[in-house]
Every structure is written in structure tokens, then in C-alpha cells.
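K.L.:
Chain by chain, the residues:
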Amino acid sequence: MVAAARAISGKLTGFVAGDDFWRGVVAIAAFLIFWEAGSRSHAWFGFSFPWVSQVPAPTAVLQAMFRLVQEPSFWNSTFLSTLRVFEGFFAAMLIGIPLGLAMAVSRTFFGISFPVFEVLRPIPPLAWVPASIIFWPTQELSIAFVTFLGAFFTIVINVIGGARAIDVRYFQAARSMGSSTWDIFRRIILPGTLPSIVVGATVGVGITWAVVVAAEMISGGGSAGSMGGAAGGGLGFFIWNSYVGGSYTQIVAGMISIGIAGYASSAALRKIGNLMTPWLSEN
Amino acid sequence: MVATNVSKSYGAGEFTKQVVQNCSFTIESGKLTVMIGPSGCGKSTLIRLLAGFERASSGTITIGGKPVTGPGLDRMVVFQESALFPWMSTYDNIMFGPRARGEDTPEMRSFAELLLQKVGLDGFRRKYPSQLSGGMQRRAELARSMINKPDVMILDEPFRGLDAMTKRLMQEYYANLYEEFRRTTFFVTTDIDEAIYLADRILIMTNIPTQVRTVIDVDLPRPRHIEDITENDAANAIKMKALGLLHEEAMKSFAGGSKAAADFIDAYSRRMVKG
Numbered sequence: 000m001v002a003a004a005r006a007i008s009g010k011l012t013g014f015v016a017g018d019d020f021w022r023g024v025v026a027i028a029a030f031l032i033f034w035e036a037g038s039r040s041h042a043w044f045g046f047s048f049p050w051v052s053q054v055p056a057p058t059a060v061l062q063a064m065f066r067l068v069q070e071p072s073f074w075n076s077t078f079l080s081t082l083r084v085f086e087g088f089f090a091a092m093l094i095g096i097p098l099g100l101a102m103a104v105s106r107t108f109f110g111i112s113f114p115v116f117e118v119l120r121p122i123p124p125l126a127w128v129p130a131s132i133i134f135w136p137t138q139e140l141s142i143a144f145v146t147f148l149g150a151f152f153t154i155v156i157n158v159i160g161g162a163r164a165i166d167v168r169y170f171q172a173a174r175s176m177g178s179s180t181w182d183i184f185r186r187i188i189l190p191g192t193l194p195s196i197v198v199g200a201t202v203g204v205g206i207t208w209a210v211v212v213a214a215e216m217i218s219g220g221g222s223a224g225s226m227g228g229a230a231g232g233g234l235g236f237f238i239w240n241s242y243v244g245g246s247y248t249q250i251v252a253g254m255i256s257i258g259i260a261g262y263a264s265s266a267a268l269r270k271i272g273n274l275m276t277p278w279l280s281e282n
Numbered sequence: 000m001v002a003t004n005v006s007k008s009y010g011a012g013e014f015t016k017q018v019v020q021n022c023s024f025t026i027e028s029g030k031l032t033v034m035i036g037p038s039g040c041g042k043s044t045l046i047r048l049l050a051g052f053e054r055a056s057s058g059t060i061t062i063g064g065k066p067v068t069g070p071g072l073d074r075m076v077v078f079q080e081s082a083l084f085p086w087m088s089t090y091d092n093i094m095f096g097p098r099a100r101g102e103d104t105p106e107m108r109s110f111a112e113l114l115l116q117k118v119g120l121d122g123f124r125r126k127y128p129s130q131l132s133g134g135m136q137r138r139a140e141l142a143r144s145m146i147n148k149p150d151v152m153i154l155d156e157p158f159r160g161l162d163a164m165t166k167r168l169m170q171e172y173y174a175n176l177y178e179e180f181r182r183t184t185f186f187v188t189t190d191i192d193e194a195i196y197l198a199d200r201i202l203i204m205t206n207i208p209t210q211v212r213t214v215i216d217v218d219l220p221r222p223r224h225i226e227d228i229t230e231n232d233a234a235n236a237i238k239m240k241a242l243g244l245l246h247e248e249a250m251k252s253f254a255g256g257s258k259a260a261a262d263f264i265d266a267y268s269r270r271m272v273k274g
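Protein sequence lines correspond, in order, to chains A and B. Using numbering that gives the first Met the number 0, the first residue of the first sequence is number 0, and each one after it goes up by one. Using numbering that gives the first Met the number 0, the first residue of the second sequence is number 0, and each one after it goes up by one.
Keep in mind that the hints were calculated from the coordinates and are not lab data. Bear in mind that the values here come from a model prediction, so they are computed numbers and not experimental data. Possibly wrong hints are sitting among the right ones.
[Said to hold, decoys possible] Estimated spans, in silico, between C-beta atoms of each pair:
1) B/Glu13 - A/Pro129: 56 to 66 Å
2) B/Gly63 - A/Arg185: 25 to 35 Å
3) A/Pro71 - B/Asp121: 52 to 62 Å
Positions of the beta carbon are idealized from the N, C-alpha and C atoms, including for glycine.
With these hints in hand, go ahead and build the complete structure from the sequences.
P.N.:
Written out as C-alpha cells, the structure is:
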């Protein structure tokens, strides 16, 4: 009883009091101090550290962020980027999952589509930017398309791999118990592939953030860029604009915002994924 | 269920590997037939043929007079390792067969309830297979097969890999289930004690390419108890006879360079010295 109680309370306090937690705290604190000292080295020590002295100090970035979160245009940028990420991401899921399943299930379809898929896959999404600006009628659509490509290939590859890895005995067992082909697809292949779909989605959304920011920078912020001015074209355009305007604290503040947004998207997807695959987590 | 002159080989030309050769036997209705043979002799191949997952190279397999052409509801296979669907709870796994056939009826649901109780998993109906112990998984799988009321149950070394205690409990569980439902059963094992405890008839198989070497009838009264089997003279006589035959087959396999056979011979000779 005592041992069990200790184990439970140990689990609760384990994270906060554990060695790993404190190592993390010390590491982040040391990093911030080094960064702050490096940025202010000229004022503090009378000489400039190489490279680090060019970067705005963390306290300055924090001030910039405080200012930014009170501006509606910053939130508008964040909203626009998030919207593009999820437009592209959902399109990639909507097309990628059925395509991956079809490629895994049908040998004929796989034979036809996989070579084309494999030729297109290594092309970096950003290499598509100029072509998609030409092909798509609006800037907005071309950014969404490039974002879509970022997640699409990862999702398809994961779905194919997941569906192929399902144990043969599950199919044999289902078939002996009288399952039709549709029943096997619905109750064996679909749930059997679900964990890989979740992995593909979580990785895919991360890539999507990387791609959307670069696409916004290259294409000039999309249609909203001209209307909303500096902060109207998404976080990528916001960073680019801050660079052009010489506001270095805003560049770093924008970078941190993307980091937070990307982390939040992945965490949300992981959460949804865990809810959809309860047999993997409950023990 | 009858197998007549069944042969199966893999590969082609000079690389042909004959696994089953001219094998004939009968799985008698309402009886528990146990097949025992040296490791790697082709028992699992025979099971895939009986189940209809693979076709024999020659010979015929019939069930109730009709030839076996593919997997069917009249035969249920319980695999060596758990093939429960990991994404379904115990109850959903058991109800898989009825739902696949659109038979999610009140009768089936109450049969599922009965089976859950019979295999002692009533309190684990909502658990996923990964949350069950090895023995529980095997019992859940037995229930999942039995709900389909197959004409023949085929079990491929179902208790392999369980620890000694669990294995013994499972054998007792299984013997009770069999004695209650008396479903025609084909049970494959490498464990001679398990074979004698469970079987009505024992098929002793030859080394690869396999065929039936001898059929031994086990007419020990039911219900049986594991303790009685170890002390019963008739049971021991059967055991000695079976071990002698298996030893001969293992020697052939050993001559062919099988490590598993060498292990068997080693254990056998030690047992003979002790006995």
C-alpha cells in the first residue's frame, strides 16, 4: 500500500522534481544568458562577440512580442498562415489517405501510380513555387498548393507502409470468419493503418509549417499582402517584411511564433491521434 | 473431415521442397484429434491446407464429403500466436464473426456473453488485447472461434510460448470447454503430455516430408485430470510408445542436420535414463 502510494505520488512529482526537468531548466537558462550576454557584449564587455552580437537580445525580443500580441495585424498574420497550413494539410489528408490505401490494396494501381509518385516525391515543395504561381489563378491558391505538397507525400508514404505492414493472419482470420472484401477493408485495413496515418499527419503538419512560411516569403504574402500591408500576408511575409524594414527583434519574434504554432499543431494532432487509436495508449 | 493422399511442395524444378507427401488421415466427428510430430516436419503447412489458405499440390481434402477449396466458416483456425485484432476490445473481437455475416442478433449477443463467462473474461470485455495476459489472449481467441460454431476447430500449437503454470491452466480450461461443447477438433502440438491429456486420437507424424506414421487411440475416461494422467499406467504406456516413435523420426531429422531434433533427442535420452 505504502509502496503503491509512493509510486503514484512519485509519478506526479517525478516530472517536476526529476533530474531531466532540472537539466532542461538549467540548459534553457544557460542558453538565454549566453544569448543575452552575446547580444549585449559590446555594451557589457566593450567588444563584440562574433555572430551572436548581430542577434537581438532575448529581453528585446520579449518586449517586441509583448507589443506584437496587442496588435490585431500580428494575429491576422498568424491566422492567415494557420489557415493556409490547414487548407493544405486537410487537402493532403483528403487526397493522400485514399490514394495511399488504393496503392496499398491494388497491385495494378500501385504499378501504374508508384513510378509517377516516386519521380515527383523528391522534388522539394519550394521548387514548385514558381510553377504553382503560374498555374494557379490566385496567389492564395498557389501557396495552399505548395503547402499541400509538403504534407501530401509524407502522408501517402506512411499510409502505404502502414497498410502493407498489417499481419497476414488478420486477413486469414477475418476471411475464415466470413468477412467480405469490404468488411475486411473497413474493419481490418482501415483501423490497422490508422496508427501510421496519425504518424504521417503529425510529421506532415510540421513540414507544412516549414513550407508555408517559405512560400509566403517567395510569393510576397499572397493576395492579402497588398491589402493588409506589412503584416497582412502571413507569418512568413511578416518576417520578410521585418527584415526589409530592418526590425530585427520582430524577425526573431516571428520565428518564435512559428515555432510555437508548429508545436501546437503537432501536439493537437498527436492528441487527436491518441483519441482515435486508444488501443495503443491504454495499458 | 478427410485428407486423402495429400502432398504439398514449394518451389519448382531442382529446388522443389517436398513438405507433405501422400498424407492421409481422418478427423473424426465429435472427437479431439491431436497431431504430434517432430519440429519443422510440416504440421503448420498441413494446417494451412486444411484451413484452405493454401491448395495442396495433389490429393484431396474434404469436409462432410465436400472438397475444401478455400477458407470457410465450417473450419476455424486458432493460430500459434495471438491473431486477435489489436484495435478491437475483447467483446468486439468475439463478435467479429457474427458481425461480418450481419448476424449481430440478440441470440448471438447472449452466446457471446456465455462464452465470455466460459473463458473467464467477463470482467475484461472492454479491454484491448494488449491489456490482456498471454493466457487471456489465447482464451479470447478460443471464444472468438467458438462463436462461429464451426464444424471443425483447428488449433495450431495454441499454448506454445506460455509459461508452465499458465499452460497447465489453459489445458484444463480447454479440456473443460471441449468436454462441454464436444466440437470436432484438430489440435496440433509438440508436447506429448498435452497430447495424451487432451486427445481421443493421436496422429504421430513422420519427419519431413510428413505423413501419418501411426494413429494411437487414447481411451482414457473423461473428465480427465492432469495428476491422474501422470500416474495412470495406460497413459504412461501410450507415452512410451509415442516417445519411441517420435524419437525415431527425430533421429532421421537429426541425420538431416536439424538442431531442434538434436535438442529433442538429448531431452529424450535424459528422460529415459531417469524413467
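K.L.:
Take the hints in turn and mark each one as holding or not.
P.N.:
Comparing the hints with the structure gives:
For B/Glu13 and A/Pro129, the Cβ-Cβ distance of about 59 Å falls inside the hinted range of 56 to 66 Å, so the restraint holds. As the Cβ distance of B/Gly63 to A/Arg185 is approximately 32 Å, the hint placing it in 25 to 35 Å holds. Under the hint 52 to 62 Å, the C-beta atoms of A/Pro71 and B/Asp121, about 59 Å apart, fit the expected range.
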